[in-house]
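**Student:** Residues per chain, in single letters:
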Amino acid sequence: MADPFIQPRTVRELSDCILDTQYDCILPVGGKTKSALTNSPIDQRRRAMVSSTALQGVLDYQPSDFTITVRAGTTVREVQDVLEGKGQFLPFDPPMVDRGSTIGGMVATGWNGSCRMKWGGIRDFILAIEFVDGTGKVVRGGAAVVKNSAGYDLPKLFVGSCGRLGYLTAVSLKVFPKPKSCFTVAFSAPTAAAVVEAMTKMSRTCTDVIAMDWVDKLLWVRWHGSEHRGQQIRDALVTMLSLRSVAFLSGEEDTAWWRNRSHPEMPHQDASLIKVTCTRNAIAVLEDYCNRSGIDRVYCHAGNSCLLTMRGRERDDELDATFHQLGCQGIVLMSQAPCREFGIAPSVRDFRTRIARGLDPTSRFS
Amino acid sequence: MQTLVPKQVEIDSAFIRSLSDFFPSDRLHTSASQLAVFASDGLTAFSVQPRAIVVPITEQELVQTIQLCCKHAVPFVARGSGTSLSGGSLPHADGIVIALNRMNRILHIDPIDCTAVVQPGAINLAVSRAAEEYGLHFAPDPSSQQVCTIGGNVAFNAGGAHCLKYGMTSNHILGMRVVLGDGTVVVTGSASIESIGPDLTGLIVGSEGTLGVVSEITVRLMPRPESYFTVMLGYASVEEAGDAVSAIIEAGILPAAMEIMDRVSMKAAEAGVGAHYPEGAEAVLIVELDGTRWQVEEERQQLEQVLERTNRIATEIAHSAEERMLIWKGRKSVFSAVGRLSPDFIVQDGVVPRNRLGLALREIAAISQAFGVPVANVFHAGDGNLHPLIMFDGRVAGALERAEQVAARIVQVCIDLGGSITGEHGVGMEKRSFMNAMFDDPSLDLMHRIRMACDPKLIANRDKMFPSADAPAMSMYGLHPLEQAGIVSRE
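The listed protein sequences derive, respectively, from chains A and B.
In our numbering, each residue carries its 1-based index in the first sequence increased by 1377.
In our numbering, each residue carries its 1-based index in the second sequence increased by 25.
Keep in mind the hints are simulated off the structure, nothing from the lab.
We treat Cβ as the ideally placed atom computed from N, Cα and C, and that holds for glycine.
Be aware that one or more of the hints could be misleading.
Claimed, not checked - Restraint ranges, calculated between C-beta atoms of paired labels, are given here: (1) 329/B - 1434/A: 34 to 42 angstroms; (2) 1396/A - 39/B: 43 to 51 angstroms; (3) 1724/A - 96/B: 18 to 26 angstroms; (4) 1594/A - 327/B: 49 to 57 angstroms; (5) 1594/A - 301/B: 55 to 63 angstroms; (6) 326/B - 1630/A: 23 to 31 angstroms; (7) 130/B - 1662/A: 55 to 63 angstroms; (8) 338/B - 1609/A: 35 to 43 angstroms; (9) 326/B - 1673/A: 29 to 37 angstroms; (10) 1671/A - 171/B: 36 to 44 angstroms.
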């Protein structure tokens, strides 16, 4: 039987819902764009699926202070539209915007888009949160100013917490001026060694790369600036990396390519889309494993993360062991099955559990 | 709010003997003269003598020490160079200090992933110097970066003049090994800029040592900027300088730093380091752009267009690295130089929304006038982080108390304007009483629960950050010796 679906209209209603003892626990959901996180785990617990989508709206926007505060159920699209009006944007390039992702879901999954390289990820732009904890109380952490070091950094703690620590009701974010134009240079990087060398050279010399993704043996590098400047950079890259040929995208072509990168296809049937924390040092071994196992992948953020598409669950244990060996960690974001993680050390699980018990002593969110 | 009362213990000789099982005599100090060295940190107004000092050189020694403290419920304070400006590394009278200065190695620089793995006692600037050969650096640049440690930067989420563009320490820490308050070692994050699961690294950074002690830190290294453009502008009032900051931000320019100094601060810097400031200016605004040559050139042109529309009365551009350093030397000398104008001063570091800076400054002026206590202003204007210097003479009866009242009123102004009680110094001992004004009871209770999950006996940096027991009495001894030498400053 499907979990009951509840859509509180106020924070008070949400709090009552969290305390409602007819449910053993709560599964927070937003736009359901990261499907694995909103699929109920298979267990005997009575679970209520509680949607944030009625808790929406911009609460405060201070363009001259680079801050915006919104209800957690507000769609990222709506926030982007408001910011666009003042020439500002969310620099971490949140994925799945066109499919209805919410600000709460964005924070809870901590999934940054390709263009997070220059300025930072969600963790670097979240300033304050309001949430309902496992005891039904409304709690606030951080402050809606661009600099603050008072108290524990609860906003950062909630990034990637997957709704297991509390129910987000409002989020304050730092925003930045939006670059007026961008361009992309793409070139062949046929092997792991070649791509690591190119990524490393650029990471050590170029302060202003927005995105650097390795897709289908091509390295796509994005900057902001005029087309004229782009052509100068393209020529400099050809010399620096001894390139024979490069592709150059600007204007709508550039925008469209990166927009598509932000909206990966829902994996078919029994396949899962897995976000992996990676390093450039790990790419060669990971490539070798993926080639042997027939796993599709793209590398993002200059090799700091990877999106794998893996069929079935037969290789779960093997993937877990490989990630442990490489120091990588992974989480299933999109799948028809419930969320699962890979490469998480037992000591990390224990620490997470200790913190979760502090916030949610009666396990309302787990 | 639930008030937690930790068990009070007396350190007995058996506890000290147990410490001597782990530490040779040259790394376990109990004599009065040795303890006195650690009695204060950068906030010299507080002074408390600990019962013992231990100097671990390995993580194992650190774990053994904390486990022993946990077993006997003895409070401990971890300390690096002791440059905390909020009394964050002030010892506990019934506890010990764990001095991390000898866990100071840079364990590994990875030029491929652009990361470094360091021990907590590593000096901030030493990390950048070690990374220099790869064209990289550690971006957080607190003014004490010549002496402050990465462990201390982590504990208090240190900032610096350039955090407007590059963020604070927290934005540059990728992973850590942490010894929690019960002696358990946990690992957070990794060498990647991306992470999975709740951001436990983010929780530890800025927790002021109240959850445990960091034993190893993986930091992100950034490419060194290829080019700088630094300009100093004179204005007839602080408000007009503040308006220029708003105009720059609204034009979509993101400088690396934007700093304002008022007339009193300029006078101090002139007296201190012979810096020169524009005639007739009541405030100067320093703006620095950095990045690639083309990026700086593009932003410089934009900046010039914006500045043309402001009421500047003087423009001084740094045409060389030496001229740039001179501008920054004047700015960074203000705190030590104020010592020439006043024997004592208190610094606050509250934050207000950037668009309310003008209002905050008017409020500070009114408070200064009402109490008859002079206040100099120098601040990170780009991110609304104030640094009012409240000047007084500690030898005059009641002067310290009046200065404290002024400081309290200024912090309250920051809270009332929707800001924060601290931007980069941390709460420490100094601002604990304001936590209740910034956070409500459920929020503080929840922070207590997190603390209890990591440090069930409340021994890690006890009596800091949380509003609880009375603070030790303040007294003024003048400037910190490092401050007098111009090596550190209270910003």
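**Student:** Does each hint fit the structure? Answer for all of them.
**Tutor:** Going through the hints against the structure:
{"no.": "1", "hint": "329/B - 1434/A: 34 to 42 angstroms", "verdict": "40 angstroms, holds"}
{"no.": "2", "hint": "1396/A - 39/B: 43 to 51 angstroms", "verdict": "48 angstroms, holds"}
{"no.": "3", "hint": "1724/A - 96/B: 18 to 26 angstroms", "verdict": "21 angstroms, holds"}
{"no.": "4", "hint": "1594/A - 327/B: 49 to 57 angstroms", "verdict": "38 angstroms, violated"}
{"no.": "5", "hint": "1594/A - 301/B: 55 to 63 angstroms", "verdict": "58 angstroms, holds"}
{"no.": "6", "hint": "326/B - 1630/A: 23 to 31 angstroms", "verdict": "27 angstroms, holds"}
{"no.": "7", "hint": "130/B - 1662/A: 55 to 63 angstroms", "verdict": "28 angstroms, violated"}
{"no.": "8", "hint": "338/B - 1609/A: 35 to 43 angstroms", "verdict": "38 angstroms, holds"}
{"no.": "9", "hint": "326/B - 1673/A: 29 to 37 angstroms", "verdict": "45 angstroms, violated"}
{"no.": "10", "hint": "1671/A - 171/B: 36 to 44 angstroms", "verdict": "54 angstroms, violated"}
Hint violations for this structure: numbers 4, 7, 9 and 10, all remaining hints satisfied.
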